[in-house]
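Residue numbers (full-length UniProt numbering), protein chains in the order written: chain G, 1 to 115; chain L, 1 to 115; chain H, 1 to 115; chain B, 1 to 115.
To be clear, the hints were calculated from the coordinates, so they are not data collected in a lab. Fair warning: there could be bad hints in the mix.
No distinction is drawn between identical chains; accordingly, a pair holds when it is met within one copy or between any pair of copies.
[Claimed, not checked] Below 25 Å or equal to it, Euclidean Cα-Cα: the simulated PhoX-like pairs (lysine-lysine) are:
no., residue 1, residue 2
1, Lys-91, Lys-39
2, Lys-45, Lys-114
3, Lys-114, Lys-91
4, Lys-114, Lys-39
Protein chains: 4
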Amino acid sequence: MSTSGQELYAVADFCLIPMGTGEPSVGPYIAECHRVLQKSGLTFKMHGYGTNLEGPWDDVCAAIRDCHLAVHGQGAPRIATDIRIGTRTDKTLAPGSGNAGKLARVQEILAADKP
Amino acid sequence: MSTSGQELYAVADFCLIPMGTGEPSVGPYIAECHRVLQKSGLTFKMHGYGTNLEGPWDDVCAAIRDCHLAVHGQGAPRIATDIRIGTRTDKTLAPGSGNAGKLARVQEILAADKP
Amino acid sequence: MSTSGQELYAVADFCLIPMGTGEPSVGPYIAECHRVLQKSGLTFKMHGYGTNLEGPWDDVCAAIRDCHLAVHGQGAPRIATDIRIGTRTDKTLAPGSGNAGKLARVQEILAADKP
Amino acid sequence: MSTSGQELYAVADFCLIPMGTGEPSVGPYIAECHRVLQKSGLTFKMHGYGTNLEGPWDDVCAAIRDCHLAVHGQGAPRIATDIRIGTRTDKTLAPGSGNAGKLARVQEILAADKP
């Protein structure tokens, strides 16, 4: 396979958990991830239990890696992240439209329920 | 342990994936989950790659189980779900405030970045 | 739906992460989960990044809940767990055979690769 | 940050789910992932609900990307993967020892339970 990873578009979501920090709160670490993602130029959106993120596969993985590096830089000795990542070949997504499009499609179906 | 599961409050997020459906689209299945969650009475909010959900541990698990049953009922022969679920003993959350509170805390920290 | 949750068989895997513990190591907490699972009577098997677990849906969820309770009891103020959970209606699994069967099927396919 | 991603060692686990395939079975797709991972040179081990995988962060992400490409090549129009990925700065792991070491540590603790 000669694909560079720039050719495969990934629609993802991740939840990063700092470990061994001595305090249960994680807000400052997640805020730092937000700053890292902003510099990445990728489309992202935080929610209550993670962050939607999308772009070329390699860029998405590099952005999450940079979040790990930044959170280690804040003093967290260990980090565990859960990533959900999806790709598809049946249609081409306009850049940045993947997660928003999925949500809109469900809302459209539900809107038809209303009498 | 005599805890009934009503005593442990869970803040969660889940992403349900129908398998073997013969079509890559999942919108109608996720819409059906939305209807199931609405009947559950639990606090929930959909995003681009899953659904925030919270309540007593057993109720959260029962609601996701009912989503599986409903999606099987729609014809999906197999389902794989990813659940992120968190509990804490260091503070008591007002019911329904868990996921929203986490997001608000990060936004508050980020707001202080602005000059 | 009148299904009690005893009727839906779940094949799962979970990874429990204690937070705010002040030390990056989690071995003692995961060992405690192993003891809890042993008492549950469910089929389970630990691996390097989680534990395979299966049984009736409600029992699986109750077992993971009891792991949370036990780990809080060990002093972890916060816990975040990632659960992968699957159900299927296209075939009936012999109790306890779900995860092992999936692995065996892949190994069987790979065995046919050998010249 | 100038880290190339070769400097950050990642201990991971992933579960890849082909979607829209018209059949609930996934064995042939997972077998193909096994072949891809074998070519990657990374340390990996399949279990009942995913595959342990470890190495430099970028290599781990590239290997999972190559699994997606191979499974799309087999005809799956859509794929959803769940990745658990961990990094730590408090100790240096011997390459390939991360997941096995975590499991061994828990087994060591449990062995001390025996009378």
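Structure-based check of each hint:
Proximity of Lys-91 and Lys-39 under a CA criterion of 25 Å is satisfied in neither setting, with 28 Å inside one chain copy and 29 Å between copies. Taking identical chains as interchangeable, the C-alpha atoms of Lys-45 and Lys-114 lie at most 25 Å apart only when they sit on different chains, with a minimum of 18 Å there against 28 Å within one chain. Taking identical chains as interchangeable, the C-alpha atoms of Lys-114 and Lys-91 are never at most 25 Å apart, the minima being 29 Å within one chain and 36 Å between chains. Only between protomers do Lys-114 and Lys-39 lie at most 25 Å apart by alpha-carbon distance; the minimum there is 15 Å, versus 41 Å within a single protomer.
Comparing the model with each numbered hint stated earlier shows that hints 1 and 3 do not hold.
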